[in-house]
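S.K.: Following the hints, complete the assembly by docking chain B onto the known chain A.
The listed protein sequences correspond, in order, to chains A and B.
Quick note: the first sequence uses the numbering used here, first residue 101, plus one each step.
Quick note: the second sequence uses the numbering used here, first residue 27, plus one each step.
Do not rely on the hints blindly, as some may be mistaken.
[Claimed, not checked] Here are the computed lysine-lysine pairs in the DSSO-like style, where the Cα-Cα straight-line distance is at most 27 Å: (1) Lys479/A with Lys330/A; (2) Lys76/B with Lys514/A; (3) Lys330/A with Lys265/B; (4) Lys265/B with Lys510/A.
[As the list claims (entries may be wrong)] Incomplete in silico selection of chain B near chain A, CB under 8 Å: (5) Arg68; (6) Phe71; (7) Leu72; (8) Ala141; (9) Ser169; (10) Pro174; (11) Asp175; (12) Leu177; (13) Lys181; (14) Met184; (15) Ala185; (16) Phe189; (17) Trp193; (18) Pro268.
[Stated by the list, open to error] Output of the computed footprint for chain A on chain B, the stretches with three or more beta carbons under 8 Å from beta carbons of chain A: (19) 150-162; (20) 277-286.
Note that these hints are calculated values from the structure, not bench results.
Backbone N, C-alpha and C define an ideal beta-carbon position, used for all residues, glycine too.
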Amino acid sequence: MKRLAIAVGLSALIGFAFAAEKVHVTFWHAFGGGRTAFIQRAVEDFNYTHPGIEVKVEYKGSYRDTLNAAILAAKQGNAPHIVQIFEVGSQLAIDSGIFVPIQDYVPAGLEFQLDDYIKPVANYYRIGGKFNSIPWNSSNPILYYNKDIFKKAGLDPNNPPKTYGEVVKACEKIIASKAAPKCITWPLHSWFVEQWVAEQGALLANNENGRAARATDVYINSEAMKRIMKWWKGLYDKGFYAYTGKPEDWDGANQLFVSQQAAMEITSTSDVTFMQNASFENGFELGTGFLPVPDGVERNGTVVGGASLWLTKGHPQKEQEAALTFLLWFTNTENMVRWHKGTGYFPVLNTSVKVLEWQNWFERNPAYRAAFDQLLQSKANRATQGALIGPFPEIRTIIENMVQQIFQGKDIAKALAEADAKADKALKNYNASVKK
Amino acid sequence: MDTHAAYKSRWLPWVLLLPSFVVLLLFLYYPTFETFWLSLFRVAFLGLSKTFVGLENYKELFTNPDYLQIFKNTVIFAFFVVIFSMATGLALSVLANQKVSGWRIYRLLLIWPYALSPAVAGVIFLFMFNPQSGIVNYLLTISLGIAPDWLTNPKLAMALLVFVAVWKNVGYNVVFYIAGLQNLPGEVLEAALIDGATPWQRFWRVTFPLLSPMTFFLLIINTIYAFFEAFPFVDLLTKGGPSNATNILIFNIYRDGFEYYKTGMAAAQSVILFIAVVFLTIMQFRFGEGRVHYGG
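In isolation and in its complexed conformation, chain A is listed as follows (with noise of 0.2 Å):
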């Protein structure tokens, strides 16, 4: 009997020290849907190739949420190890001071994996020389088009506009022959304005977009802006452009797409495989195009958009560890096919590039062949790189006041001037907020 109490009592140490030696990893991010399941899929995976390591991977909401979320936690002494954290909240994760620079800990026998990251994703994550964060999901906002409209109208289904003015022209085309009900749609976002802002060449903020300094100067109020606003006012005008008046509205946009009401969308490269199904359900042909730019402008290329994996500061080492292990892994070549293939998001290592072109992805999808070649192609300088900005967030919604305001006739030249110094401002009080 006594023995048997002893044997029970042995083995349950050893279990309790097996379990001890586990490292547990929490991991939040910030996709819903489908999404989440994949994610899920790909962490059971881990675990189960990892037996030392247990991650806890937690879905947070928004990506405004996760942040949030993050930052109460380790406020409180128990942040997950692992945050998502979208690009524009960059600027303000690496001010929060709750997060350690990648880079620094990335294992000596895995730092080939920094370097097979496509150019324009590292330009858009190196800060100050190295990576704060690992890359995750990056998208960029393409055109999609539907050809059975553009064949009604009369227009070529494998020529789709490539400027402002092919738009235009297109869309009188489309309306006068009641091909469509609407010409173009997308969702009213500042991101549209920065990634156009950056097609020109221009910036966005002073000290180069905020890369070689802090930013303390935003720049509404620029020759760049001025363009875009002027077309946009001039197909919103003519009935060409149409939006569901809420703004960040990216469903509403798809809905008006794919219900056919308006021949084109401009959205995130991240929506491709939703809208390949979409057509396919509603029965009509899809095109994809490079974004539209200003007329008379050399196309510079777009912004990285997306998001990206952060590690927070404070925990054992043990777990630090675990926590980069595992990221690397879920970032992986393999992984990043994955990913690509299951959700339209960019491959952003060079070697997944290698493998989907081997596979001849690219010739079979097509659709994602348009929106990963304007990627490439974007030229590498500061304004593709994107502006660093602390209360982007904010600075967004100050540029989307300002197009309704220019919607409901404000002049353009006084509103590009008022949210200028809305924007300067905002940035202002947040730099005095900055404790260094």
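M.R.: Relative to chain A, chain B alone:
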């Protein structure tokens, strides 16, 4: 002379009150105090960095035209929501209080909107009022040949928001008004009928004054509703747009606090909202109570 005859010890009542005090202190007084205190700071990253700025946040609130516009929007929104939801509630209750066939169904249907979650209501209205593919504009196009841009025009957007908020709360008012109507003393109405009063007179001279306690109660509840509970509609339908035209205080507090990380500014706006609602409630008690007729 023992005034605490019911209790053996004079401490016992305090001990019994303690749980309530603890709850109030923790969940009501402490957060309120903390909000007042925070409103004097410039706060970044949800409290990771704080600088004392005195009344700077309030100065900003009362000088920045954007904030002044938000105050204006809030007053307009609250005024129309309270007026319309109470008036519609009363009118519908009077109709539903009649003994017509199927009255049970009418009453049930009138209460339905209230039972719906605000988030669901918001999404449904967003679909219905979508300018290109919504059912409302579809019907308007085939019947009248017009298709208004509901959410792009500042006035229409505000009107739509008021409409949704009213629609959502009418059921609540109907429940209380029907209860009030059922409890009216029949003799008074009968006497009025015998004296030859017209239905119009009977309503305004007898029914309405007799309902005044209910009206007074609903006035306070509806005011609080209009100020505090419209958040989901704004968030789902307009996000404060077009260009701040429908941005009301409760939405902006959330936005400043959790989207822009300006916790100090959000706290200052909470204080203003708090003071406004307390002030309105006190005014209603002072000036409303005298006109309320409680006798039955």
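S.K.: The structure should be examined with respect to each hint, and the outcome stated for every one.
M.R.: Results for each hint:
| no. | hint | in the structure |
| --- | --- | --- |
| 1 | Lys479/A with Lys330/A | 25 Å, holds |
| 2 | Lys76/B with Lys514/A | 35 Å, violated |
| 3 | Lys330/A with Lys265/B | 24 Å, holds |
| 4 | Lys265/B with Lys510/A | 20 Å, holds |
| 5 | Arg68 | 5 Å, holds |
| 6 | Phe71 | 5 Å, holds |
| 7 | Leu72 | 5 Å, holds |
| 8 | Ala141 | 26 Å, violated |
| 9 | Ser169 | 18 Å, violated |
| 10 | Pro174 | 10 Å, violated |
| 11 | Asp175 | 6 Å, holds |
| 12 | Leu177 | 2 Å, holds |
| 13 | Lys181 | 11 Å, violated |
| 14 | Met184 | 12 Å, violated |
| 15 | Ala185 | 13 Å, violated |
| 16 | Phe189 | 15 Å, violated |
| 17 | Trp193 | 19 Å, violated |
| 18 | Pro268 | 4 Å, holds |
| 19 | 150-162 | holds (count 5) |
| 20 | 277-286 | holds (count 4) |
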